[in-house]
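Engineer: According to mature numbering (1 follows the signal peptide of the UniProt record, and there is no 0), the sequence shown holds residues -20 to -1, 1 to 350 in order.
These aren't lab readings, by the way, just hints derived from the structure by calculation.
Incorrect hints may have been included.
[What the hints assert, rightly or not] Pairs of lysine to aspartate or glutamate residues, derived as DMTMM-like cross-links and limited to a Cα-Cα distance of at most 20 Å, are as follows: (1) K169 x D125; (2) K169 x E290; (3) K303 x D94; (4) K169 x E75; (5) K110 x E97; (6) K169 x E87; (7) K44 x D212; (8) K303 x E133; (9) K303 x E189; (10) K291 x D125; (11) K44 x E75; (12) K110 x E133; (13) K291 x E133; (14) K303 x D212.
[What the hints assert, rightly or not] Restraint-style ranges between C-beta atoms, simulated for each label pair: (15) S57 x N213: 14 to 24 Å; (16) D51 x T92: 39 to 49 Å; (17) A289 x S138: 29 to 39 Å; (18) S57 x N126: 44 to 54 Å; (19) S138 x A216: 40 to 50 Å; (20) Q45 x N166: 45 to 55 Å; (21) V185 x V69: 19 to 29 Å; (22) D94 x K291: 23 to 33 Å; (23) S161 x Q45: 39 to 49 Å; (24) A289 x N217: 16 to 26 Å.
Bear in mind that the values here come from a model prediction, so they are computed numbers and not experimental data.
Think of the CB as a built atom: it goes at the ideal place given N, C-alpha and C, for glycine as much as any other residue.
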Amino acid sequence: MRVCVLVVTAVVALATCTQATTQVYQPCAGQADAVLLAQPGVPSQYVFTWSGVGLPTFGITSFKQPVDAKDFSVNCSRLAEGYVSDVVVTPAGVEDHQSTTLASLIEFSGPTLDKGEFVRRTILDTLTFKPVNMTSSSATLVSTDNLIAVTMEVNTKSGISKTNPHNFFATNSFSVDLVISGYTYNSTKSRLAMEIVTTTLERSVVRIEQSRDINDEYSPSIFRRTTLQSTDNTGANEAHHAWKPVVFGNTTRKSTNMTVSFIGELAALDYSPANTYPQHIITASYDGARTAMNVVNVTFSTKGDKATAEKIIAWGSIVGPGKPFVPAMSTTLLATNITSYGVTIFAFIAGSIYLLVLRATRATHSSQTV
């Protein structure tokens, strides 16, 4: 089996924006596919990692100080064994690390995973990913049976995700888009959930945050952003992995799926023996420190609880430092929100507000004339 591993550095411009050409480095050619992206001469604060070895895993590591690309090296032997969080070597020292592992697909029936009936579980280390030729800041990894495709892209400036217009990202972040197609269900009434395992350094803590902001999505205040937020022992934000729903019919995406999050602890692992997982991939140490582990289950649907046996599932997320990026309100975003809601609905809301203001004005005028 050919090992496919991606290591990506997001460049931090310490002063003005640098338009240098991104270069590709492959330090483990012949043993494993490893790719390191960097702009020559520009120090990098963060490194993004992706591995298709065993369980699909991606993450973000920040360094204690920015380092140049020439100071990076990769532990190819560890990388070939399936380790992810400790394959990058740099004299700068590691400040923090957060990895996300796509552990398994859970097939179930019922409204939600916790209230439904468990059918079966497919652990994703049974998949083999095709070799990927990384020639730019993005790449797509596809399993040999074409069941799962993961597209990864480094964001060198802030913007909106191409595949999920609900996901805003900041400079030095990493977009991860997942598409599941051709899954063979045991029942036409079944649904799918993805089991996601998050690991951080022992001194870090991962918490689940869910928020609504009128200026961070195309359908304001309706859907929550779910964030796996890691913080250090002082409470300072270190890194995040965040995603939002894709509203069915409101985007140009081929398959638009709403994602509903069900937060689990380790109970989800009870569906099969713990030794089913290659534990060293999930709980690998970094710089000799043990890691903390959390589990989140994400259910997919286009029709809420009524969705069953969906042929295509799409899920987009953002990995980055600090907290999720929330853009400032603008006239362009406001116009997009109006379009998303629909002119008719917006006119109804605006008309209702107008009538309330008019009524309040009349009441005030009457009280003044008495």
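Engineer: For every hint, state whether the structure bears it out.
Structural biologist: Results of checking the hints against the structure:
1. At roughly 23 Å between alpha-carbon atoms, K169 and D125 are farther apart than 20 Å, so this suggested pair is violated.
2. With a C-alpha separation of about 10 Å, the suggested pair K169 and E290 falls inside the 20 Å cut-off, and the hint holds.
3. Taking the CA atoms of K303 and D94, the gap is near 29 Å; set against the 20 Å cutoff, the hint is violated.
4. Of the supplied pair hints, the one linking K169 and E75 is violated, its CA atoms being roughly 46 Å apart against a limit of 20 Å.
5. Of the supplied pair hints, the one linking K110 and E97 is violated, its CA atoms being roughly 33 Å apart against a limit of 20 Å.
6. A distance of roughly 10 Å separates the Cα atoms of K169 and E87; the hinted pair therefore holds under the 20 Å criterion.
7. Simply put, K44 and D212 have alpha-carbon atoms about 14 Å apart, close enough for the 20 Å limit, and the pair holds.
8. About 19 Å separates the Cα atoms of K303 and E133, which keeps this hinted pair within 20 Å; it holds.
9. For the proposed pair K303 and E189, the alpha carbon gap of about 10 Å is at most 20 Å, so the pair holds.
10. Note on K291 and D125: the hinted pairing holds, with a Cα-Cα distance of about 15 Å set against a maximum of 20 Å.
11. In summary, the hint linking K44 to E75 is supported, as the alpha carbons are separated by about 5 Å, within the 20 Å threshold.
12. Restraint check for K110 and E133: satisfied, since their Cα atoms lie roughly 18 Å apart, inside the 20 Å limit.
13. This hinted pair does not check out: K291 and E133 have alpha carbons roughly 25 Å apart, beyond 20 Å.
14. Simply put, K303 and D212 have alpha-carbon atoms about 13 Å apart, close enough for the 20 Å limit, and the pair holds.
15. Between S57 and N213 the beta carbon distance is about 32 Å. The supplied range of 14 to 24 Å is therefore violated.
16. Against the hinted window of 39 to 49 Å, the Cβ-Cβ separation of D51 and T92 comes to about 48 Å, which satisfies the hint.
17. For A289 and S138, the Cβ-Cβ distance of about 38 Å falls inside the hinted range of 29 to 39 Å, so the restraint holds.
18. Between S57 and N126 the Cβ separation comes to about 31 Å, which falls outside the hinted range of 44 to 54 Å.
19. Taking the beta carbon of each, S138 and A216 are about 22 Å apart, not inside 40 to 50 Å as hinted.
20. Look at Q45 against N166: about 52 Å separates their beta carbons, and that is inside 45 to 55 Å.
21. Taking the beta carbon of each, V185 and V69 are about 26 Å apart, inside 19 to 29 Å as hinted.
22. For D94 and K291, the hinted distance range of 23 to 33 Å is satisfied, since their beta carbons lie about 25 Å from each other.
23. A hinted range of 39 to 49 Å holds for the C-beta pair S161 and Q45, which are about 43 Å apart.
24. A hinted range of 16 to 26 Å is violated for the C-beta pair A289 and N217, which are about 39 Å apart.
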